[in-house]
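J.: Starting from the structure of chain A, add chain B where the hints point.
If you read the protein sequences in the order shown, they are chains A and B. My numbering applies: residue 1 is where the first sequence begins, and numbers increase by one. My numbering applies: residue 1 is where the second sequence begins, and numbers increase by one.
A few of these clues could be false.
With a Cα cut of at most 25 Å, we get these calculated DSS-like pairs of lysine-lysine [unchecked claim]:
| id | chain 1 | residue 1 | chain 2 | residue 2 |
| --- | --- | --- | --- | --- |
| 1 | B | K34 | A | K66 |
| 2 | A | K30 | B | K587 |
| 3 | B | K87 | B | K124 |
| 4 | B | K479 | B | K587 |
| 5 | A | K81 | A | K30 |
| 6 | A | K30 | B | K690 |
If you anchor each label on the Cβ, the simulated ranges turn out as follows [claimed, not checked]:
| id | chain 1 | residue 1 | chain 2 | residue 2 | range |
| --- | --- | --- | --- | --- | --- |
| 7 | A | G54 | B | A361 | 27 to 33 Å |
| 8 | A | R61 | B | R86 | 39 to 45 Å |
| 9 | B | A361 | A | V55 | 49 to 55 Å |
| 10 | B | E44 | A | N26 | 23 to 29 Å |
| 11 | B | I480 | A | R61 | 54 to 60 Å |
| 12 | A | N26 | B | Q37 | 17 to 23 Å |
Since the hints were made in silico from the structure, they are not lab data. Glycine included, C-beta positions come from ideal geometry on N, C-alpha and C.
Each chain is listed here by its residues.
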Amino acid sequence: MLILQTLSRGANHGYGIAQHIQQISNDALKIGEGSLYPALQRLLMNDYVIAEWGVSENNRRARFYKITATGRKQLSHEKRKFEALLVGIARVMETP
Amino acid sequence: MKLWNKIRNLLNREAFDRDLREEMRIHREMAEEKLNQLGTPKEEAHYAAMRAFGNPSLAQEASRLQWTFFFESFFQDIGFAIRMLRKSPSFAAVAVLTLALGIGTNTAIFSVINGVLLRPLPYKDPQQIAVMKENESLPNVIDMQRQTNAFSVGGGINAQPMDYTSGPEPLQIRVGLVNSGFFETLGIPPVIGRIFSEAEDLRGGPRLAVVSYPFWQNHLGGDPHAVGRPILLGGNSYAVIGVMPETFICPRERADVFISLWVADPKTAVDRDVHFLHTYWRLKGGVSLEQAQADVATIHNSLAEHFPAEEKERRMQLIPLRESLVGDVRPALLVLFGAVGLVLLIACANFASLLISRGFARRQEMLIRAALGAGRGRLIRTLLTESTLLSFAGGAVGLLFAHWGTRMLLALRPEELRWLTGIHMDSQVLLFALAVSMLIGVIFGMAPAFVAARTDVAAALNEGGRSKTASAAGHRIRKILVTTEVAFALILLAGAGLLIKGFSRLRSVNPGFNPTGVMTMYLQLPAARYAEIPKRTQFRRDLLARLNSLPGVQVGMITDIPLGGNYVEYDFVIDGRPPIPEGDEPKVQTLSVMGEYFRAMQIPLRAGRNFTEMDREGQPLVAIANEEFVRQFFPGHNPVGSRIRWARDTGPPRWITVVGVVSDVKHSGLNQPTDPAVYTPFPQADEAWKRWMTLAIRTDSSFSGLVEQVKAQVWSLDGQIPVSDVQTMEQRMAVSFAQQRFYMFLLGAFASLAAILAGVGIYGVVAYTAGQSTHEIGIRMALGGQRRDVLRLIMAEAAKVTSAGILIGIAGALAVTRAMTGLLFEVKPGDPVILAAVATVLALVALVACYIPARRATQVDPMVALRYE
Chain A
1 MLILQTLSRG ANHGYGIAQH IQQISNDALK IGEGSLYPAL QRLLMNDYVI AEWGVSENNR
61 RARFYKITAT GRKQLSHEKR KFEALLVGIA RVMETP
Chain B
1 MKLWNKIRNL LNREAFDRDL REEMRIHREM AEEKLNQLGT PKEEAHYAAM RAFGNPSLAQ
61 EASRLQWTFF FESFFQDIGF AIRMLRKSPS FAAVAVLTLA LGIGTNTAIF SVINGVLLRP
121 LPYKDPQQIA VMKENESLPN VIDMQRQTNA FSVGGGINAQ PMDYTSGPEP LQIRVGLVNS
181 GFFETLGIPP VIGRIFSEAE DLRGGPRLAV VSYPFWQNHL GGDPHAVGRP ILLGGNSYAV
241 IGVMPETFIC PRERADVFIS LWVADPKTAV DRDVHFLHTY WRLKGGVSLE QAQADVATIH
301 NSLAEHFPAE EKERRMQLIP LRESLVGDVR PALLVLFGAV GLVLLIACAN FASLLISRGF
361 ARRQEMLIRA ALGAGRGRLI RTLLTESTLL SFAGGAVGLL FAHWGTRMLL ALRPEELRWL
421 TGIHMDSQVL LFALAVSMLI GVIFGMAPAF VAARTDVAAA LNEGGRSKTA SAAGHRIRKI
481 LVTTEVAFAL ILLAGAGLLI KGFSRLRSVN PGFNPTGVMT MYLQLPAARY AEIPKRTQFR
541 RDLLARLNSL PGVQVGMITD IPLGGNYVEY DFVIDGRPPI PEGDEPKVQT LSVMGEYFRA
601 MQIPLRAGRN FTEMDREGQP LVAIANEEFV RQFFPGHNPV GSRIRWARDT GPPRWITVVG
661 VVSDVKHSGL NQPTDPAVYT PFPQADEAWK RWMTLAIRTD SSFSGLVEQV KAQVWSLDGQ
721 IPVSDVQTME QRMAVSFAQQ RFYMFLLGAF ASLAAILAGV GIYGVVAYTA GQSTHEIGIR
781 MALGGQRRDV LRLIMAEAAK VTSAGILIGI AGALAVTRAM TGLLFEVKPG DPVILAAVAT
841 VLALVALVAC YIPARRATQV DPMVALRYE
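This is chain A alone, in the form it adopts within the complex (with noise of 0.2 Å):
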């Protein structure tokens, strides 16, 4: 889901989703590599995200991951899954 939103801000490659999702969550959620990749073949699988090589902001060749359509609309779907999960804890916590 994680990566799935920060893609729907646009392309990006792996090293650039980590940077992001560090500095986003202010250095709490840390991806590690060894899940990283993992994860993405996962999406590429399920045609969740395209993948291609192109040039990086910094003239590096890099491979870019992409959200497709199928992927916008899973992400959407976790989406609503994780805030009523959300929801849910917020109640039990803040009931007395």
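T.: Structure of chain B alone, referenced to chain A:
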């Protein structure tokens, strides 16, 4: 979609891997650059990035895993396992052989169990066939068939030896005298020709013969046009009308040729009193055995009413066919199955032990693979694949062993198990072997795999590649395994030892007579013409006189021959003893003899005199007792001159004087106790109903022709008297031995196998210990340690393991061998001599097994040992 992507990926695997590697490298470089920009020195940034990234191969592997089909890694594993095993062929060979022995013996015994206890019998709807426990006469069979509501058809057979004289030389073959219902009841049609019709199965009917498949092959040359060919049986020409299929076998009899009882022996056929047929009955659909039994009881009552002389004292009892065949074989088979089960467990323990050693040997490899990014689960899976592969190979070779094993079993089986022909490998047996192999591979591969894959890379590297913890755990498991092996082997050896002791006891039993050179046959005088005793006595006297004219024979007769399964008991009273209330009188086996019975059987006289011609009707009544009778009723006295009488005699007391004592005879079987017995002369003691006798003829030449000569003499006196149950005394003895020998041989073989496997297990452990302590041994030797001390040091461990195993095994044997009680003769399951003996044998095996590697260990050059590793 997913599948399609996977397939596309599969076809493009190389490009995919390249992309992934490239991408990850770029990732690290980007991280490195970033760190560099933040002020970290270049070198340091490189390593920091590497560290942050973690294990690239592992990440790559995990990524790749997302794409692969589950079976890809499976094939990979198998390929890898095969490569690894090819690299260490001796390990593979030992493992496969060990398992093959275990699986092979199990599969062989299972195929027997499958054939005997599980698979349907080779007849049509075998569950519908019942067997009359008692033998029947043909008139009874016919009346039953006429009156029954429970059976659709019934048939009987009596198999007896007959001369076959159409071949190049006269042969004695076994001929089944049957009625037409016999084949129909079993429901097996002939492969060629036909069987007798009811219209042909009657007195004076055509002489027709149905032949068995082996007879057709061996004597008729497998001639497809054999139907119509004449064969000479017992001097009469019979026309072959049919050939039974190869798979056909009589349930309990052995017969090469089948002919109609009505046609071949009409005088016996009509005799209700000759109960000599094994009868088989096919239940009508929906009729239970209980209903059939009730029906039989009704018929029996009516028969008893009409023919009290023949039928009143008899019983008719139905049992299912399988029970009549399997009966006493079942417990023996289960014991054997238990035995091979133990062999298999021992083999498995060895297998696991081998895998553990191999795990140690491959520690470096495992470490490297773990360091290169192989996950623990993946390592375990690889090892399991290897062990399963081995176990399947073991299973395959085991099937080969089982194939030979079952053949050997069939060749060796005793006469009572002769009907066991349907034993071969069918799908069930294959499935059994497959399941066993699979379970072994997974279960016994599991622990070694876990031990081997317990790779704490950092810790292991710190220890310089010698991880003591894992190897210690593995070694402990191995010691437990070997202890178990020794214990199981001891149980098996104890079982085998008991059987061997029982068998040798049985062999050394003195039957009380000399069976060599004695031919026996059974005669029964027809009730109608021999109602009066004098007539019978005359017949016997004449027959003996005629038989004595044959050259080189000693002839006697007795009511019931020893080992023939029959005897009669009378209550008796001893003269001059205090009176005993009626009904409480002691019993004694009573046998009537005539002629030179004791000489023909070579039963020695111990006291007094033998019977003479003068001990006849009208003379004082005499008897000869056996030693057991004296022991029980005249302890410490000479009974010669004492008098006894039958307690149930009516009329004035008829005292019988004991004139002699003969030695004991094992009448009811070699493994049965001797009963007190009293012999009386036929002319003095013949009861009105006692019309049968068994001839015992000792000849100093061969038996060939003897039977025919005797029959000729019998028939020259009375052409209407059937002669049956023609057997030598040695044949009667052999039956008592064969089964015991069979079980002894099998259990002995399994136990030896177990001992060898346990020895291999001990060898393995000691060899490993010795190998591990080469360093230590070297130091000791260098410091002047005695070779003998070092030897003792190494062997001490094996001694500990072995003695623990032996102790546990003895406890186990005491508990388990109780199941064998029924198979043992004069040996108690907990026989201390046997236990001590097998414990010694096993200790010797262990000694040899550990001496070899221990000695090798002490022979290392100290310098080499110190440089080792």
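J.: For every hint, state whether the structure bears it out.
T.: We went through each hint and held it up to the structure:
1. Restraint check: the Cα-Cα separation between K34 of chain B and K66 of chain A comes to about 23 Å, which is no more than 25 Å; the hinted pair holds.
2. Our distance criterion of 25 Å between C-alpha atoms is broken by K30 of chain A and K587 of chain B, whose separation comes to about 99 Å.
3. Taking the CA atoms of K87 of chain B and K124 of chain B, the gap is near 54 Å; set against the 25 Å cutoff, the hint is violated.
4. Between K479 of chain B and K587 of chain B the alpha-carbon distance is near 60 Å, which puts this suggested pair outside the 25 Å criterion.
5. At roughly 22 Å between alpha-carbon atoms, K81 of chain A and K30 of chain A fall within 25 Å of each other, so this suggested pair holds.
6. Note on K30 of chain A and K690 of chain B: the hinted pairing is violated, with a Cα-Cα distance of about 106 Å set against a maximum of 25 Å.
7. A C-beta distance of roughly 50 Å is found between G54 of chain A and A361 of chain B, which places it outside the suggested range of 27 to 33 Å.
8. The beta-carbon spacing between R61 of chain A and R86 of chain B, approximately 43 Å, falls within the hinted interval of 39 to 45 Å.
9. In this structure, A361 of chain B and V55 of chain A meet the distance hint of 49 to 55 Å, their C-beta atoms being roughly 51 Å apart.
10. Between E44 of chain B and N26 of chain A the Cβ separation comes to about 25 Å, which falls inside the hinted range of 23 to 29 Å.
11. Under the hint 54 to 60 Å, the C-beta atoms of I480 of chain B and R61 of chain A, about 59 Å apart, fit the expected range.
12. A hinted range of 17 to 23 Å holds for the C-beta pair N26 of chain A and Q37 of chain B, which are about 21 Å apart.
Going down the numbered hints, you'll see the structure goes against 2, 3, 4, 6, 7, while the others check out.
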